[in-house]
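Residue numbers (numbering that gives the first Met the number 0), protein chains in the order written: chain A, 0 to 338; chain B, 0 to 815.
If you are wondering where the hints come from, they were derived from the structure by calculation, not from laboratory data. Remember, predicted model here, so these are calculated numbers, not experimental data. Do not rely on the hints blindly, as some may be mistaken.
Computed list of lysine-lysine pairs in BS3-like fashion (alpha-carbon distance at most 27 Å, straight line) [claimed, not checked]: (1) A/K159 to B/K562; (2) B/K101 to A/K274; (3) B/K101 to B/K5; (4) A/K274 to B/K4; (5) A/K113 to A/K46; (6) B/K112 to B/K62; (7) B/K173 to A/K241; (8) B/K638 to B/K774; (9) B/K638 to B/K738; (10) B/K173 to A/K274; (11) B/K774 to B/K738; (12) B/K774 to A/K159.
Each chain, letter by letter, is given below.
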Amino acid sequence: MHQKFDELKKAFDAALSAAQDKDILESVRTEFLGRKGRLADLMTGLKDLSEDERRAVGPSANEAKRAMEEAFARAESELRSRAVREEEWIDVTAPVFPEESIGHIHPVTLIQQKLEDLFISMGFMVLDGPELESDYYNFTALNMPPDHPARDMQDTFYIKGHPDQVMRTQTSPVQIRAMRKYGAPIRMIAPGRCFRNEATDARHEHTFYQLEGLVIDKGITFSHMKGVMEAVAVHLFGPDTKLRLMPKFYPFVEPGVRGELNCFLCAGEGCRVCKNTGWLEAMPGGMVHPRVLEAGGLDPNTYQGFAFGFGLSRLAMLKYGIDDSRLMQSGDVRFLAQF
Amino acid sequence: MLVSKKWLQEFVELPEDLSDEELARRITLSTVEVEEISSQAAPLERIVVGVLLAVEAHPNADKLRVCRVDAGQGEPLQIVCGGTNLLAGMKVAVALVGARVKWHGEGELVEIKLTKLRDVESFGMICAANEIGTATGNEGEREIVDLSGWDAPPGTPLAEVLGLDDVVFDVDNKSLTNRPDLFSHRGMGREVGALLGTTFKDRRPPVVSEETEYEVLVNVTDIAACPRYMGVVLDGIRIETSPEWMQKRLRAVGVRPVNIVVDVTNYVMLEIGQSLHAFDAAKLENVLSKPRTIEIEVRPAVSGERFVTLDDTERELGPSDLVIRDAKKAVALAGVMGGHNSEIGEETTTVFLESANFHPSWIRKTSQRLGLRSEASLRYEKGLDPNLSDLALRRAVELLLELVPGARVASPVVDVGRFELKQGPIPFSLERLDQKLGVNIPVDTAIGILERLGFGLKQDGEAYLVTIPSWRATKDISIFEDLVEEVARIYGYERIPPTLPRMDLRPPTPDPMRVLERRVRSILAERFAATETYNYSFTSPATLAYLGEDAARYIQLANPISKERPYVARTLVPNLLENVEKNQRQTDTVRLFEVARTYVPEIPGDENGEGGSPLPHQDHVLGLVFAKKGDIFPFRELKRLCAGALRALGYTPTFLPMSDLASWMHPGRSAAITVDGEAVGYLAEVLPQRATDLGIEAKVAVGEVNLSLLAAFPARELTYHPIPPFPSVKRDLAFVVNKDVTYTDLELAMHAAAPLLVDVELFDTYAGKGIPEGKKSLALHLEFRADDQTLSSEEVDACMESLRQVLTARFSATMR
Numbered sequence: 000m001h002q003k004f005d006e007l008k009k010a011f012d013a014a015l016s017a018a019q020d021k022d023i024l025e026s027v028r029t030e031f032l033g034r035k036g037r038l039a040d041l042m043t044g045l046k047d048l049s050e051d052e053r054r055a056v057g058p059s060a061n062e063a064k065r066a067m068e069e070a071f072a073r074a075e076s077e078l079r080s081r082a083v084r085e086e087e088w089i090d091v092t093a094p095v096f097p098e099e100s101i102g103h104i105h106p107v108t109l110i111q112q113k114l115e116d117l118f119i120s121m122g123f124m125v126l127d128g129p130e131l132e133s134d135y136y137n138f139t140a141l142n143m144p145p146d147h148p149a150r151d152m153q154d155t156f157y158i159k160g161h162p163d164q165v166m167r168t169q170t171s172p173v174q175i176r177a178m179r180k181y182g183a184p185i186r187m188i189a190p191g192r193c194f195r196n197e198a199t200d201a202r203h204e205h206t207f208y209q210l211e212g213l214v215i216d217k218g219i220t221f222s223h224m225k226g227v228m229e230a231v232a233v234h235l236f237g238p239d240t241k242l243r244l245m246p247k248f249y250p251f252v253e254p255g256v257r258g259e260l261n262c263f264l265c266a267g268e269g270c271r272v273c274k275n276t277g278w279l280e281a282m283p284g285g286m287v288h289p290r291v292l293e294a295g296g297l298d299p300n301t302y303q304g305f306a307f308g309f310g311l312s313r314l315a316m317l318k319y320g321i322d323d324s325r326l327m328q329s330g331d332v333r334f335l336a337q338f
Numbered sequence: 000m001l002v003s004k005k006w007l008q009e010f011v012e013l014p015e016d017l018s019d020e021e022l023a024r025r026i027t028l029s030t031v032e033v034e035e036i037s038s039q040a041a042p043l044e045r046i047v048v049g050v051l052l053a054v055e056a057h058p059n060a061d062k063l064r065v066c067r068v069d070a071g072q073g074e075p076l077q078i079v080c081g082g083t084n085l086l087a088g089m090k091v092a093v094a095l096v097g098a099r100v101k102w103h104g105e106g107e108l109v110e111i112k113l114t115k116l117r118d119v120e121s122f123g124m125i126c127a128a129n130e131i132g133t134a135t136g137n138e139g140e141r142e143i144v145d146l147s148g149w150d151a152p153p154g155t156p157l158a159e160v161l162g163l164d165d166v167v168f169d170v171d172n173k174s175l176t177n178r179p180d181l182f183s184h185r186g187m188g189r190e191v192g193a194l195l196g197t198t199f200k201d202r203r204p205p206v207v208s209e210e211t212e213y214e215v216l217v218n219v220t221d222i223a224a225c226p227r228y229m230g231v232v233l234d235g236i237r238i239e240t241s242p243e244w245m246q247k248r249l250r251a252v253g254v255r256p257v258n259i260v261v262d263v264t265n266y267v268m269l270e271i272g273q274s275l276h277a278f279d280a281a282k283l284e285n286v287l288s289k290p291r292t293i294e295i296e297v298r299p300a301v302s303g304e305r306f307v308t309l310d311d312t313e314r315e316l317g318p319s320d321l322v323i324r325d326a327k328k329a330v331a332l333a334g335v336m337g338g339h340n341s342e343i344g345e346e347t348t349t350v351f352l353e354s355a356n357f358h359p360s361w362i363r364k365t366s367q368r369l370g371l372r373s374e375a376s377l378r379y380e381k382g383l384d385p386n387l388s389d390l391a392l393r394r395a396v397e398l399l400l401e402l403v404p405g406a407r408v409a410s411p412v413v414d415v416g417r418f419e420l421k422q423g424p425i426p427f428s429l430e431r432l433d434q435k436l437g438v439n440i441p442v443d444t445a446i447g448i449l450e451r452l453g454f455g456l457k458q459d460g461e462a463y464l465v466t467i468p469s470w471r472a473t474k475d476i477s478i479f480e481d482l483v484e485e486v487a488r489i490y491g492y493e494r495i496p497p498t499l500p501r502m503d504l505r506p507p508t509p510d511p512m513r514v515l516e517r518r519v520r521s522i523l524a525e526r527f528a529a530t531e532t533y534n535y536s537f538t539s540p541a542t543l544a545y546l547g548e549d550a551a552r553y554i555q556l557a558n559p560i561s562k563e564r565p566y567v568a569r570t571l572v573p574n575l576l577e578n579v580e581k582n583q584r585q586t587d588t589v590r591l592f593e594v595a596r597t598y599v600p601e602i603p604g605d606e607n608g609e610g611g612s613p614l615p616h617q618d619h620v621l622g623l624v625f626a627k628k629g630d631i632f633p634f635r636e637l638k639r640l641c642a643g644a645l646r647a648l649g650y651t652p653t654f655l656p657m658s659d660l661a662s663w664m665h666p667g668r669s670a671a672i673t674v675d676g677e678a679v680g681y682l683a684e685v686l687p688q689r690a691t692d693l694g695i696e697a698k699v700a701v702g703e704v705n706l707s708l709l710a711a712f713p714a715r716e717l718t719y720h721p722i723p724p725f726p727s728v729k730r731d732l733a734f735v736v737n738k739d740v741t742y743t744d745l746e747l748a749m750h751a752a753a754p755l756l757v758d759v760e761l762f763d764t765y766a767g768k769g770i771p772e773g774k775k776s777l778a779l780h781l782e783f784r785a786d787d788q789t790l791s792s793e794e795v796d797a798c799m800e801s802l803r804q805v806l807t808a809r810f811s812a813t814m815r
């Protein structure tokens, strides 16, 4: 009897592995597992055995039945999933049309936002001011009275019929507006669009973007200015960034400095971008001139502070390797879509 | 400005072990930027003296010669050369293989390589004058330099022969704006002495011993414009070339030698920083033609006066230009350029030498107005120390007497004017210095720095009274902070430690407009796949004309870069449309946005700071544009974008047919955008003809949302509403109405008629076949719900009936 069950199991296994489609599988089921199938026959045969024999054969008969049913279910499910695969196969590598398009933020905005986040985290307000500015705020209040030679340093767009109005040449007028509005102490930045009347080429743009910073309180020192400028440089360009300050004349600060960073492109070795000096001019700044504090309504005997700036356009060009400043305002989607 | 190291060394000791690079670095770190160091010898590297041993015909070329040259390289070299004046025995300049030469004096440097010219090998090049920088302009074409007169054996480096052993520092003029004292070797010498702690070797030329042969009368009409006018007559002048050493100096710093008189004035200017002018005294006229009398007047020009400057250009002058006149005519444009009519020439024998001081703003204005910048104006603009006039005049006389045989002083030294310098004193204390810098600088160090820079110090209790030297008193130094800079920069900014300020832990007040701008950008780019563009704030008249915009309503620049874009944008539309035109050939879909200002002159904006009329109004505006090849209804996509963005910002926008149309707007496809009933912007398709005029091939929709207006409305506050406890019932409704019935009107009427209607969604609009002319079919999904019960079918039927009634009665709708 044992042998019969073994033989049946073997025959079943052979038939099952040969069954490659649904119909054959069904005939295997009928032949072996059906109500009148071969397993049922053998099981019926058990009735004719003696009590002892039945007890001896019974468990292994049941085991064989369970194993056959299980094997069949497995084969059936395999066949089903193979069929689904064949019927419903798709090329998952193919693109989906229309592809979901993604938008793009202008590179200068990206840099500006990165810097705004840094300064906000340090407690700076982010402020704004008019781009078409009065001569007073753009020059006079910044210690550049009419006839001041420093006005020549900044080729200025003037407004027809309004000699007292200019397209602002710098974001610095926001300093004065902010001091007047918020008083001291103050920590602020003012990012924005500026204008200089110069012919455009790959390195010069008459429209460009700056970010201006101002910190005023009692006891703010040159050393603090250096500390903040360095913190910003490190945040932007990494922990190995070095800052060096050199004297530079700006009428609205005294002392005035220009800050240079070791060139991150060549790590100070000297390259085309840093003109082989290993240093990049990146941050002008200085201690706010007493006359500027006065124009802002603050007492220079009580308060002192520093201001600094970055060229956002320049930083964006450096960071993304943009080699032509005219691209910024080109509106060319082939450029804009890279950011 | 170019600074010669040799010249500098006449005024200051430079330590032996100080490299040129280190000197440049020290100057850059503490004073002004040195942009370049150039060794005069460097460009002549591997160029040596050679002797032509033989000159033979070239087998394959008529115009070439094959030379055998002893260039001190052991074996003679074979060099092929096209020079026309080659003779055996001649000494020439030979560029050996590896030298870098400017071919024919033009273009980039080219490295000399071993080469074959018409099949004959050539081991170098024989140079022409313009290839080694000694051209005088008198050389013939294809003529090489003849060095036969020089006593130098073959192989001697050319730099040595020519005495080109100087090093020249190029200092950035722009970083010198506030330092007129540094526009000279003497001034730079003093500064470098202070920097290095080495001695400044000043030189005081002798006082001029005056004569009375000539009389000089000077009248200055405006002392403020010309605080000092000095002059003297020199006779017995013979116009020759200046000595070689002087020419070398001048050439080293980029000044072309002319003749002894002109060269001396230039030399003194470069040495002392004071500009001088030499007139041919014979060409100066006086009233009665009296002999030996010079009559000079310094006064503003007459309006429309014409004057030919030394550069042979006739210029029209006006009352803002200061001129030097003799009794009859203008002879110089004061502080800018001399005149053609009194120029030193070959025949000059008597010279009137002027050494004057002019007010910077007069010079600046004239120089700017005429676009005429000279070495003189460059210096006067910065504000020169009037004391220099005397020093420079003495130095020039000293040089001329020394270098021109027979030259003699022939008049008294005239000195007219009045000036007063504000030389302080400024109270100065170490305590305040430390408070400014955040570092303790030892008192001896600080005092030492100021003294070396020429400041006078007088102890005043704990503090000092500091007197400003005259050469720093014209503009540069006037307040305590200026002294702080002097001490700090020489002490070294690198020695001041960086520290972070301690401030109150106060969160920054956000600027709502900045916040809004930032959100708009990220929503449009990240959710609506739009691309941010930046456009100029300036607009072109052509584009305005194509759009039918009235240019008179635009602010105009007084001095635009080009005539192309003189108008200041009062709308972002023109430039956005230009973006579409530019991009249409590269891309099928243009979906751009811009956040920028618009400038509206008739609405007052921010105050101008000193009580004048306010600035033009400058709103923050979001501009949007959409065009897609083949899309005949771009308005729809732009509205999706705009409405979506506004909803994401927390506003509920309404789009209404627009009544006040700009002339470029499509009358059937323009919508005003309102929020809480107030207009905040518009969307419009561009009239097809206007778009075509602009060169745009596709249909294009464009719009603006005024963010400044929008910011005034409260955005939706996020509040939780309980999830409705009872289910809603959905029904569809389709009907036909006149084409011009607006959806907004329908929706409002439906909500009014059936309060249980909670949502309406338009899922189909159709006009055309099967629908009568002038009509359209609309199909809606409707959702009904009550808050207190599940609606029965009868109740919803009743709602539907009220809707049908109101649609039929108010909109003559036909149900389908």
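So, going through the hints one by one against the coordinates:
| no. | hint | result |
| --- | --- | --- |
| 1 | A/K159 to B/K562 | holds (14 Å) |
| 2 | B/K101 to A/K274 | holds (22 Å) |
| 3 | B/K101 to B/K5 | holds (26 Å) |
| 4 | A/K274 to B/K4 | holds (23 Å) |
| 5 | A/K113 to A/K46 | violated (86 Å) |
| 6 | B/K112 to B/K62 | holds (21 Å) |
| 7 | B/K173 to A/K241 | holds (25 Å) |
| 8 | B/K638 to B/K774 | holds (23 Å) |
| 9 | B/K638 to B/K738 | holds (20 Å) |
| 10 | B/K173 to A/K274 | holds (18 Å) |
| 11 | B/K774 to B/K738 | holds (5 Å) |
| 12 | B/K774 to A/K159 | violated (53 Å) |
Going down the numbered hints, you'll see the structure goes against 5, 12, while the others check out.
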